[in-house]
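S.K.: Chains as they are written, first to last, in our numbering: chain A, 15 to 440; chain B, 185 to 570; chain C, 127 to 382.
Since the hints were derived computationally from the structure, they do not count as laboratory data.
Ideal Cβ positions, reconstructed from N, Cα and C, are used throughout, including at glycine.
Misleading hints may appear alongside valid ones.
What follows is a list of derived Cβ distance ranges for each label pair [said to hold, decoys possible]:
hint	chain 1	residue 1	chain 2	residue 2	range
1	A	E120	B	E412	45 to 55 Å
2	C	T149	A	P287	32 to 42 Å
3	A	E117	B	G343	52 to 62 Å
4	A	E421	C	T149	29 to 39 Å
5	B	R375	A	S185	45 to 55 Å
6	A	E120	B	T347	45 to 55 Å
7	A	E421	B	A208	51 to 61 Å
8	B	P308	A	V262	33 to 43 Å
Some chain A residues flagged as far from chain B (calculated, every beta-carbon gap over 12 Å) [unchecked claim]:
hint	residue
9	F62
10	Q81
11	P124
12	T157
13	R232
14	E235
15	E277
16	G282
17	E283
18	T313
19	E396
20	E415
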Amino acid sequence: MSDYTQMWSDLGLDLKGHDALLSVLGGAYQDIFLSQKNRPEGMKYFDFVMSEVHGLRIKELMDAKAQGRIVVGSYCVFVPEELILAVDGVSVGLCAGAEFNFEGAEEVVPRNLCPLIKSAFGFKRGLVCPYLEASDIVVGENTCDGKKKSYEVLGPMVKDLYIMDLPQMKSGPGRALLKEEYAKFLTRLEEKSGRKVTAESLKKGIATVNAKRQAVKRLAELRKADPAPISGLDALLVNQVFFYDDPVRFTASVNTLCDELEERVKKGEGVLPKGTPRLVISGCPMAVPNWKVPFIIETSGAVIVGEESCVGERGTRWLTEAQGATLPEMLDAVTERYFNIDCAVFTPNPSRIDHVRDMFGRYGARGVIHYSLQFCQPYLVESGPVETALEGSGIPVLRLETDYSQEDMGQLKTRIEAFVERIHQG
Amino acid sequence: MSRTVEPLINDEYTGGPPTKRVLARLQEKRKEGRKVAGVYCGYAPTELILAMGISPATLCAFSNATIEAAETVLPANLCPLIKSSYGFIITDTCPFYGLADVVIGETTCDGKKKMFELITDLKPTWIMDLPQVPDQEEAITNWTAMIRKLEGFLETTFGARTTDDGIEDSIRDINRRNAMMREVFEFAALRPAIVGWREMYDLTFLAQGSSGKDMEPVLTEALRKLEERRDGGYSYGPAGAPRVMVTGCPVGGDAEKVFAIIEEAGGVIVALDACSGFKPYMTDTAEGTGDPVRALAERYLKIPCSCMTPNARRLTEMTRLIEKMRPDAVIDVVLQACHSFNIESHKVGEHVEKVHGLPFLKIVTDFSLGDVEQIRTRVEALLESC
Amino acid sequence: MRTAGLDIGSRTVKLVVIEQGETVLTRKGLTSHDPLEAARALMEGVNYDTIVATGYGRHLLKEHLDCPVISEIKAFALGAKAIYPTCRVILDIGGQDTKAISLNEAGEMSKFEMNDKCAAGTGRFLEIMAAALGYTLEEFPKAALSAGRFEKINSMCTVFAESEVISLTAKGAARPEVALGIHRAIVSRSTTLLKRIAPSGEVFFAGGVALNGCVETLIAEDLGRPVFVPPDPQMVGALGAALHALKSGGREDATP
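Model the full assembly from the supplied sequences, consistent with the hints where possible.
M.R.: The structure is reproduced here in structure tokens:
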């Protein structure tokens with residue numbers, strides 16, 4: 015690994031805090047990922063990406079900036095990457111998955127707030143997220159109460175915070191609002207980058223992002239096999255890297271991985287023995303390095319075969335399907351695509367339950383774990399009806415609510431093991 | 185209190201919870217054959233509902249007693265107001281809900297929005313998609329459309345009808361009500377204080393779903409008594425009592441413990457800066473615009489609720505109120521797990537301390553009595569600093 | 127075959143040995159700061175063909191004795207079923223966890239709920255509150271049952287509840303009334319879990335807190351449902367583990 019100290023220092027990172035973060039991250043990665051058995055060879059690429067996630071990838075961002083491209087940081091799958099690519103920008107997901115500097119976060123936002131939001135503030139105030147520091151513009155979106163109000167606090171701390179409003183109901187005015195917001199965002203991107211979006215550039219952006227989605231959809235498809243050719247942890251990692259990596263290289267690497275997995279499936283090989291209980295996870299997103307629950311699940315005798323999550327199928331299952339070749343037509347297609355996303359901030363949100371049920375069947379799962387981050391009210395409140403509906407159709411459900419701390423590992427393990435035992439007997 | 189005076193509202197409900205008075209009035213309306221729409225929030229357009237001959241009824245939301253039942257379904261980490269509301273419904277203990285033919289909800293916060301999904305099957309329910317960025321042009325357009333849609337819902341459900349003229353009349357009527365309420369608040373600004381929180385709360389609670397016509401006799405009498413109190417040299421509370429402005433989440437029922445603690449600590453509450461207090465009466469709807477529904481949309485989007493972003497209006501309105509009421513301290517009441525008021529409190533605190541140089545205290549609480557002593561200690565310390 | 131079940135809880139370690147369907151030995155000790163040593167002490171001189179561990183410290187034992195483990199939720203389901211075959215609803219209040227378990231018609235685990243991550247409303251909570259009021263664990267429920275009325279305890283966080291108790295006693299509240307308030311607080315928390323998973327049916331009440339007569343009485347009152355406490359309620363998990371050892375014949379088919 016090269017020495018990136020100068021680059022980190024130029025970005026204004028707190029080097030001591032950043033070193034501490036990287037060493038924890040590296041240790042966790044070793045324990046959780048590298049200790050897995052029967053990993054596909056194709057995961058080596060992702061191991062490399064993770065080992066260079068604050069190094070080489072940031073160097074690439076800096077090089078892109080030097081060439082006059084803008085780096086756009088965001089926290090949510092409602093921010094359309096197609097539009098960012100259409101101005102030749104680089105889209106990156108921002109750090110929000112670790113319990114780092116919560117003390118610093120709690121000086122400006124309440125303690126009783128979702129860990130994902132607190133984490134974003136912990137990284138910002140601790141000056142340890144190079145993605146955030148490298149971003150020319152940060153895009154916030156009015157999804158949940160916590161984020162919407164926290165962006166007001168984040169605003170003065172970052173160079174350029176752009177807020178995108180979102181509807182809360184899937185109504186006519188809701189769709190119109192989203193379309194208008196995307197049009198405004200496009201204008202803002204044009205101003206920021208100094209580049210005009212053309213039908214050609216947007217078309218290319220759409221194609222690039224669609225290819226990326228197609229690749230993870232292909233990966234998802236392969237997970238139908240029993241034995242599962244890849245662990246849930248590794249598949250989650252691919253879905254997490256989705257937000258950081260160069261899209262074209264990512265797509266190629268996922269496809270290479272899938273080629274290998276296809277071979278595995280043909281030979282009937284897997285990461286865990288055939289018949290291992292298969293679970294679908296549904297709920298809040300898991301950002302790097304939030305691997306706690308999947309790690310417990312996969313060390314408790316089960317394998318995860320699908321993620322109904324923004325870092326998973328909720329974020330990738332729809333492609334942008336442009337009907338026409340003009341810019342407005344394509345923008346309509348982008349709006350339609352994102353308007354489908356069944357995040358729990360929408361009311362009502364019935365398609366989410368249908369999707370979980372569909373995933374349960376498609377992947378031959380035997381149970382669903384509903385995952386909520388503490389204080390995330392949309393998913394917490396929705397977990398009740400989701401559980402009732404699924405159990406009503408004979409699908410075992412375990413509801414978990416947790417944060418980024420390690421102190422409830424024992425309790426979570428007890429619950430997850432009991433759930434696996436319940437599935438075994440059934 | 186220097187001597188006893190006649191209460192501003194003097195009826196058989198005086199001294200008791202204000203809900204009983206409102207319930208009695210609503211039952212009368214019901215006897216006259218009027219339909220009732222249950223509402224939860226200050227964004228429900230009272231003018232339109234009244235113009236359609238329907239009575240709005242604020243649904244129960246302030247009791248600790250119904251929370252346990254709610255927690256069998258809802259997460260414990262949710263605002264007590266939402267848990268209580270839901271608990272009232274599933275235990276069938278809210279008489280207002282019992283009277284209501286329909287329920288009107290708004291997508292104000294995540295908790296409410298998602299809770300409404302659990303009650304839509306029980307009674308005809310209409311959810312209004314509330315914009316979150318009120319200063320955007322689309323916000324007015326969309327909220328106008330939402331109010332029109334509500335009108336359509338009430339038309340189909342009840343066969344009720346109104347016209348733009350009818351809505352315009354209702355706007356004038358409510359403007360009149362609000363103006364009279366603001367006259368009351370003028371008296372609350374007097375130093376020394378001549379009115380306490382209980383009497384102000386009785387009025388703000390009663391006026392919420394009432395027409396101007398219904399409120400006029402009550403308010404005329406209250407204003408007359410206030411004049412008498414002022415002219416008679418009456419003062420409320422101990423001499424030199426620190427004046428407190430309470431801002432934040434709606435406060436009523438079991439949350440009134442905060443008000444009681446402030447008074448017990450020797451303070452006098454001069455402003456209730458919440459939807460349960462002054463907020464619904466602070467702005468008027470423009471009259472004679474030719475598009476009364478759009479005028480309503482504009483007026484309602486001016487409510488500085490923390491569900492709005494960036495909600496700079498909360499601070500400017502607060503400044504106006506501070507300058508008028510001249511409090512010695514500001515207390516921000518945040519209901520547990522109410523993310524929007526909780527996060528906004530940081531900004532509010534800085535505003536109060538830096539712009540107004542006033543001591544500020546944030547209290548995060550719920551409807552239980554478990555934290556009374558902790559709150560008392562903090563309130564006493566705050567008032568000592570005044 | 128002689129099989130053993132070891133339940134390493136957060137407060138106590140329990141051992142049950144069964145032979146031909148009969149319990150032939152039960153032992154109990156404190157978990158202390160060294161659960162492994164506590165377990166070893168308990169197993170000293172005990173003969174068995176195979177053993178299964180459960181409870182909070184189960185994985186520790188798995189590492190050191192290379193024995194299969196099952197979750198305490200399953201262990202309680204198995205143990206309760208053996209003691210009371212028709213029971214479908216189990217409540218276990220242990221040292222740091224409260225679990226509500228429902229069983230299906232076949233007596234298999236169907237749904238379960240556990241308390242949130244803090245020790246609120248568990249045995250440890252009762253211990254701390256008893257100490258705050260100056261009662262022994264034996265006196266505590268008796269004092270509570272002697273009260274005619276109660277002081278409401280709102281906070282279920284152990285730390286906050288303790289300060290609530292202190293401020294109540296500082297105000298001169300009667301100790302038995304505060305004690306009753308604490309018991310009611312625990313009960314309301316547990317019955318919320320029970321109502322979520324099983325709206326009706328008799329409750330099989332196990333775990334250390336089942337030894338507290340006041341909690342038992344109040345649960346029955348609150349739910350309006352009968353409550354059954356087995357003769358040795360702390361041993362149910364260990365018995366379940368021993369039964370599992372018998373069923374699996376020591377094969378490693380428990381949770382890895």
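S.K.: Run every hint past the structure and note whether it holds.
M.R.: Here is what the structure says about each hint:
no.: 1; hint: A:E120 - B:E412: 45 to 55 Å; verdict: holds (51 Å)
no.: 2; hint: C:T149 - A:P287: 32 to 42 Å; verdict: holds (35 Å)
no.: 3; hint: A:E117 - B:G343: 52 to 62 Å; verdict: holds (60 Å)
no.: 4; hint: A:E421 - C:T149: 29 to 39 Å; verdict: holds (36 Å)
no.: 5; hint: B:R375 - A:S185: 45 to 55 Å; verdict: holds (49 Å)
no.: 6; hint: A:E120 - B:T347: 45 to 55 Å; verdict: holds (54 Å)
no.: 7; hint: A:E421 - B:A208: 51 to 61 Å; verdict: holds (52 Å)
no.: 8; hint: B:P308 - A:V262: 33 to 43 Å; verdict: violated (52 Å)
no.: 9; hint: F62; verdict: holds (39 Å)
no.: 10; hint: Q81; verdict: holds (34 Å)
no.: 11; hint: P124; verdict: violated (4 Å)
no.: 12; hint: T157; verdict: violated (9 Å)
no.: 13; hint: R232; verdict: holds (34 Å)
no.: 14; hint: E235; verdict: holds (32 Å)
no.: 15; hint: E277; verdict: holds (45 Å)
no.: 16; hint: G282; verdict: holds (43 Å)
no.: 17; hint: E283; verdict: holds (42 Å)
no.: 18; hint: T313; verdict: holds (27 Å)
no.: 19; hint: E396; verdict: violated (6 Å)
no.: 20; hint: E415; verdict: violated (7 Å)
Violated hints, in rising order: 8, 11, 12, 19, 20; the structure is consistent with all others.
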